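Number of protein chains: 4
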Amino acid sequence: MLKVAIVGGTGYGALELIRLMQHHEQITIHSIVSTSEEGELVSTRYPHLKGVVTNTFDALDINKIAKEVDTIFYATPAGVAKSQIEACTEDVQHIDLSGDFRLSKEDYEAWYGLSAPDKDALSQAVYGLSEVNKDAVAKAKILSNPGCFPTATLLALLPGIKESLIDTQDLVIDGKTGVSGAGRKQSLLTHYSETNENVTAYKLGKHQHIPEIERYLSEQAGEDVAITFTTHLIPMTRGIMMTCYGKLKDGVTEEGFIQAYKEFYKEEKFVRVRETGVPSTSEVYGSNYCDIGFHIHERTRRVIIVSVIDNLVKGASGQALQNFNIMNGLDEQMGLTVSPVYP
Amino acid sequence: MLKVAIVGGTGYGALELIRLMQHHEQITIHSIVSTSEEGELVSTRYPHLKGVVTNTFDALDINKIAKEVDTIFYATPAGVAKSQIEACTEDVQHIDLSGDFRLSKEDYEAWYGLSAPDKDALSQAVYGLSEVNKDAVAKAKILSNPGCFPTATLLALLPGIKESLIDTQDLVIDGKTGVSGAGRKQSLLTHYSETNENVTAYKLGKHQHIPEIERYLSEQAGEDVAITFTTHLIPMTRGIMMTCYGKLKDGVTEEGFIQAYKEFYKEEKFVRVRETGVPSTSEVYGSNYCDIGFHIHERTRRVIIVSVIDNLVKGASGQALQNFNIMNGLDEQMGLTVSPVYP
Amino acid sequence: MLKVAIVGGTGYGALELIRLMQHHEQITIHSIVSTSEEGELVSTRYPHLKGVVTNTFDALDINKIAKEVDTIFYATPAGVAKSQIEACTEDVQHIDLSGDFRLSKEDYEAWYGLSAPDKDALSQAVYGLSEVNKDAVAKAKILSNPGCFPTATLLALLPGIKESLIDTQDLVIDGKTGVSGAGRKQSLLTHYSETNENVTAYKLGKHQHIPEIERYLSEQAGEDVAITFTTHLIPMTRGIMMTCYGKLKDGVTEEGFIQAYKEFYKEEKFVRVRETGVPSTSEVYGSNYCDIGFHIHERTRRVIIVSVIDNLVKGASGQALQNFNIMNGLDEQMGLTVSPVYP
Amino acid sequence: MLKVAIVGGTGYGALELIRLMQHHEQITIHSIVSTSEEGELVSTRYPHLKGVVTNTFDALDINKIAKEVDTIFYATPAGVAKSQIEACTEDVQHIDLSGDFRLSKEDYEAWYGLSAPDKDALSQAVYGLSEVNKDAVAKAKILSNPGCFPTATLLALLPGIKESLIDTQDLVIDGKTGVSGAGRKQSLLTHYSETNENVTAYKLGKHQHIPEIERYLSEQAGEDVAITFTTHLIPMTRGIMMTCYGKLKDGVTEEGFIQAYKEFYKEEKFVRVRETGVPSTSEVYGSNYCDIGFHIHERTRRVIIVSVIDNLVKGASGQALQNFNIMNGLDEQMGLTVSPVYP
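Protein chains in written order, with the UniProt record's numbering: chain A, 1 to 343; chain B, 1 to 343; chain C, 1 to 343; chain D, 1 to 343.
If you are wondering where the hints come from, they were derived from the structure by calculation, not from laboratory data.
These figures come from a predicted structure and were not determined experimentally.
Where hints are given, some of them may not hold.
Each pair may be met inside one copy or between any two copies, as identical chains are not told apart.
Using 27 Å as the maximum straight-line C-alpha spacing, the simulated DSS-like pairs for lysine-lysine come out as follows [stated by the list, open to error]:
#1 Lys206 / Lys50
#2 Lys206 / Lys247
#3 Lys67 / Lys139
#4 Lys185 / Lys203
#5 Lys134 / Lys50
#6 Lys247 / Lys203
Work out the full structure, taking the sequences as your base and the hints as a guide.
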């Protein structure tokens with residue numbers, strides 16, 4: 001059994017890690033860390049966990065924790081993981097669900113408005129888009145777990161870009177997300193009466209996931225990629241749909257396009273490619289799947305690639321656990337065979 | 001006082017006409033037509049109208065009705081208005097909220113799968129995008145009221161196209177709609193447990209509003225326009241947001257762009273152009289407004305135009321009433337000064 | 001024209017007053033008061049009001065305002081109205097939408113945890129349940145507008161109690177409310193991800209509307225009434241349903257019961273009594289109606305009385321405007337003929 | 001491994017059985033039956049199951065199926081299970097999720113409007129309220145799985161009644177349910193635009209779960225129990241909350257009351273009794289838990305018992321699987337350790 005600690009135990013990312021780890025045969029949750037709630041029973045604060053976990057919240061003493069566990073998960077606001085990882089002197093696996101290690105120093109400081117992790121830590125960090133980066137993930141000590149929008153977007157676009165099926169310089173990406181991606185912290189944008197019966201386009205041109213997507217698209221394309229990207233908040237709790245509009249290269253057919261995606265993901269259990277039709281978010285609700293479907297518009301030669309994930313699972317805690325499995329040589333699906341909850 | 005009849009009295013379009021007409025000083029609702037409910041009190045079937053209307057449902061006898069009223073509104077499924085209008089021998093105004101008169105004969109038959117209205121009726125019909133087509137609307141005897149997606153899309157794109165600010169051959173249009181646009185008829189797509197907590201991209205490449213949008217964009221552009229267009233069903237009852245992605249022409253600046261839109265709509269009470277930020281659907285809920293805002297992405301030279309309407313008001317019954325006012329020389333705002341219901 | 005001021009201009013109560021007053025022929029909104037936003041255009045903060053109101057927010061200087069207007073509406077948190085009314089030396093009408101003047105000194109201090117208004121002000125205040133207290137309302141200078149749950153509950157129960165149809169000592173009242181009743185202030189209870197797809201029973205035994213209901217039930221019954229009362233938060237924005245369970249007195253028949261309610265409200269435009277079936281909240285959405293329906297269970301001799309209102313209209317701003325009309329000798333319905341928004 | 005068949009494979013009950021059985025170590029889903037879809041891949045019709053199940057839908061040939069499996073689950077409309085069970089000549093376990101075997105012949109025929117199962121089958125059937133009826137369940141060949149409202153109601157009331165803490169003749173039960181309880185069949189009541197932003201009290205006095213609750217309350221109380229019972233449809237997909245109002249017997253204290261419930265359920269893993277506060281439906285979402293909490297109102301001596309379940313899990317498929325485990329001598333929790341999905 002591997003022992004893990006979860007830092008940030010009062011947020012949705014941590015709660016989802018706890019849920020999924022119930023199904024994992026090789027994990028013991030040794031510590032759930034929330035300094036502000038130290039000593040309180042987790043199940044007192046979260047009654048849905050009564051009978052599920054018996055932990056009390058622990059204070060954050062990183063080196064003490066690191067001595068006791070094999071892996072530390074950070075489901076924390078930006079800035080926390082980097083400072084803890086820098087302070088940690090023990091040999092332990094770090095899996096960071098925040099954005100701290102996803103960008104270059106310059107981009108991180110520009111988009112997050114915080115000072116970047118030190119060079120050494122940053123250079124060690126591996127970007128954990130599991131399906132694409134598996135070999136590097138397997139050796140990672142600092143795992144930088146992708147953001148929710150980047151996960152759904154990159155899985156939708158990378159095959160098309162790597163196989164030279166679509167133009168890298170003409171990408172329009174329209175995202176729709178449920179509200180839980182904003183976490184448990186309250187704001188007017190997540191206030192029920194403001195969000196219910198409403199669609200809002202938010203953070204246009206300012207979303208911190210833009211540089212993350214561009215960075216990894218560029219890396220894989222071998223050239224600079226600039227995207228047009230929007231995000232819309234819609235009245236539901238879980239789920240992300242990315243509607244990606246690409247320009248087909250000459251000679252690419254619908255059949256060839258779909259076949260290339262099926263080939264690209266043929267070994268992957270968590271990416272389900274549709275031969276016909278496009279997926280809905282409810283079809284992956286609560287699960288670690290990313291479903292992808294297509295529509296090709298011949299007159300404009302545009303392909304519409306629709307990908308869906310549960311933002312709290314494949315877009316956060318599920319992928320973190322998938323990376324944990326890869327890092328520890330376990331079956332990649334362990335703890336993640338929960339089917340979608342439908343309806 | 002002008003007398004009107006509403007055909008299709010058991011659908012949402014008719015109900016919304018009834019609601020708005022309560023605020024109209026020059027309208028008497030002479031007849032609400034639903035053959036299947038003939039003789040039943042409207043307020044028995046729709047208790048929310050108790051104390052509001054005292055009508056009973058009438059049978060559909062078009063020439064009898066046409067003799068008694070000044071204007072007939074059709075809030076009916078495709079195919080009904082054209083057959084009634086063809087059968088009508090009286091001199092009366094017809095306002096059709098369905099798609100019967102929106103397309104050319106060829107397109108109508110291809111996209112609706114029904115035989116088109118006869119040539120004479122079709123040639124008389126005026127497309128009632130009120131803000132753009134006011135002079136023709138003023139003289140119309142057969143008014144073809146625009147679809148919900150076309151209304152929000154055309155109001156968002158026409159100034160940019162007519163003022164040569166954006167490329168007509170590179171338009172991506174991503175629509176999000178509440179469920180009421182599908183009407184009161186039940187289907188799996190509008191079944192609560194399927195639609196709640198879910199986003200669905202539907203009718204990709206097959207939506208009958210595509211040729212309608214292309215027709216009027218082309219007309220105004222003076223050249224053929226082909227669009228990439230998607231629609232997404234999201235879990236709310238009312239509201240449409242169109243996120244339109246255009247390519248800016250050389251030399252166009254953000255300030256110039258917004259200024260052109262403000263100028264274009266400066267006389268229009270129902271189109272509200274934002275100088276900063278983009279609108280949300282809740283900001284027009286229950287009202288006849290179309291709000292439009294912008295974001296310009298310099299690196300890709302794309303402009304994101306976001307327009308919102310209430311699909312049942314500006315997208316259907318409100319615009320129909322606006323057209324009625326124009327056709328009858330009344331104040332365009334009569335009956336339509338209902339503010340948005342917020343929150 | 002009568003001039004009014006609205007204090008508390010950044011909350012939902014104030015926004016709803018502004019919406020309804022657009023339809024009122026005798027009101028000019030002279031001032032919208034929000035000290036924290038002084039000088040800002042109301043329509044900048046609330047873009048849905050662009051083109052609707054041109055006011056800027058004013059600071060709160062009660063005697064200056066009172067000199068300029070006929071009536072001041074307070075849509076403020078508990079404690080504000082009483083201190084302003086006490087400080088006001090001008091002769092002006094006060095309409096308080098908060099709880100400051102609804103309870104006896106003792107009860108107010110016990111349930112609200114604030115010091116009560118001074119004796120003089122408290123004794124002048126008239127409880128504005130419009131349908132029941134019309135004569136006193138007509139003469140009021142300080143009008144205490146009822147709470148949302150009390151409005152729906154009292155209208156449901158008073159005819160049964162005043163006509164001795166139900167037992168005053170056996171009342172179970174189960175309330176369901178949308179989230180907007182909690183206002184615009186953020187809390188975990190109104191956080192979207194917590195409230196969506198969830199029902200919560202809250203403030204059991206502690207809701208400040210309990211003593212308000214008991215006070216006016218007791219007054220009308222002529223004896224002490226103690227109720228069993230619960231409130232449930234459900235995932236919608238607007239609407240309250242009260243399901244009230246009463247014990248029928250001997251000899252009371254279903255027909256007689258319904259007839260008594262019809263008789264009781266026969267002159268009232270805003271209370272709609274059903275002869276068959278029970279109402280849904282959507283049937284009064286956005287309107288000032290209270291709809292009431294019944295089911296009698298012969299075996300247990302219990303009557304189930306279901307009443308519904310829009311909490312922001314009849315439960316707050318609509319009733320306040322209705323009271324304003326009565327206080328000023330205007331048609332009680334002025335500004336309130338907005339039909340329900342359905343669906 | 002035990003082989004099972006699921007009859008009714010296109011409904012929500014069957015889908016939920018499939019989901020839960022993925023976590024069950026001793027079950028092989030041998031057959032998923034839907035005559036109308038015979039031969040189609042289950043995952044074609046339900047893409048959320050792609051990669052989860054490889055079955056195709058089978059036709060309904062009950063004796064053929066019965067020969068091949070150990071247990072048949074019926075997630076079918078009323079009337080189907082009884083006719084199949086009567087036609088079955090093989091020795092096999094039957095678990096019926098419909099109402100066919102829940103009532104006496106007379107009550108079934110009166111409330112369901114169908115002819116009752118034959119006497120022999122009816123007398124063999126065991127009512128599967130797992131926590132209360134475990135010994136009988138262990139020996140059952142025909143298991144009648146309880147309805148959703150009865151499950152939540154009986155678990156809330158039985159301890160109070162069996163321990164003589166509350167009056168059996170004064171019970172008011174107010175239920176709130178999500179929409180999925182109505183299944184996948186479309187109707188106006190489950191049409192999104194009618195149900196969203198709405199609460200409806202439905203089937204007052206006519207709900208077929210009333211005689212089911214009264215039957216088992218009476219059985220356990222040893223005397224006739226008549227209840228006052230209402231159900232409300234609220235805008236969410238999953239979840240039931242029962243707010244039960246009982247009259248405390250003399251001498252019963254809050255502490256004693258709660259203690260009695262804790263004692264009653266001390267061995268039960270799926271019933272979680274709260275010592276403070278009351279549960280919300282989201283706290284059991286997707287899981288087999290029933291959470292129960294209390295509030296006592298001293299002045300009226302009423303106790304408010306709040307119970308919550310997921311209607312598709314503990315209210316249907318979860319409890320069916322729990323009964324399957326008991327019937328087959330397996331760990332009662334097998335396949336049911338899925339934690340609530342929160343948020």
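Evaluation of the provided hints:
1. Taking the closest pair of Cα atoms, Lys206 and Lys50 come within 27 Å of each other only across two copies (26 Å); inside a single copy the shortest separation is 40 Å, beyond that limit.
2. In this assembly of identical chains, the alpha carbons of Lys206 and Lys247 lie at most 27 Å apart whether taken from the same copy (25 Å) or from different copies (20 Å).
3. With identical chains, the CA atoms of Lys67 and Lys139 are at most 27 Å apart within one copy only, with a shortest distance of 20 Å there and 52 Å across copies.
4. Taking the shortest Cα distances, Lys185 and Lys203 sit within 27 Å of each other both inside one copy (17 Å) and across copies (22 Å).
5. With identical chains, the CA atoms of Lys134 and Lys50 are at most 27 Å apart between copies only, with a shortest distance of 23 Å across copies and 36 Å within one.
6. With identical chains, the CA atoms of Lys247 and Lys203 are at most 27 Å apart both within one copy (25 Å) and between copies (20 Å).
Taken one by one, the earlier hints all hold for this structure without exception.
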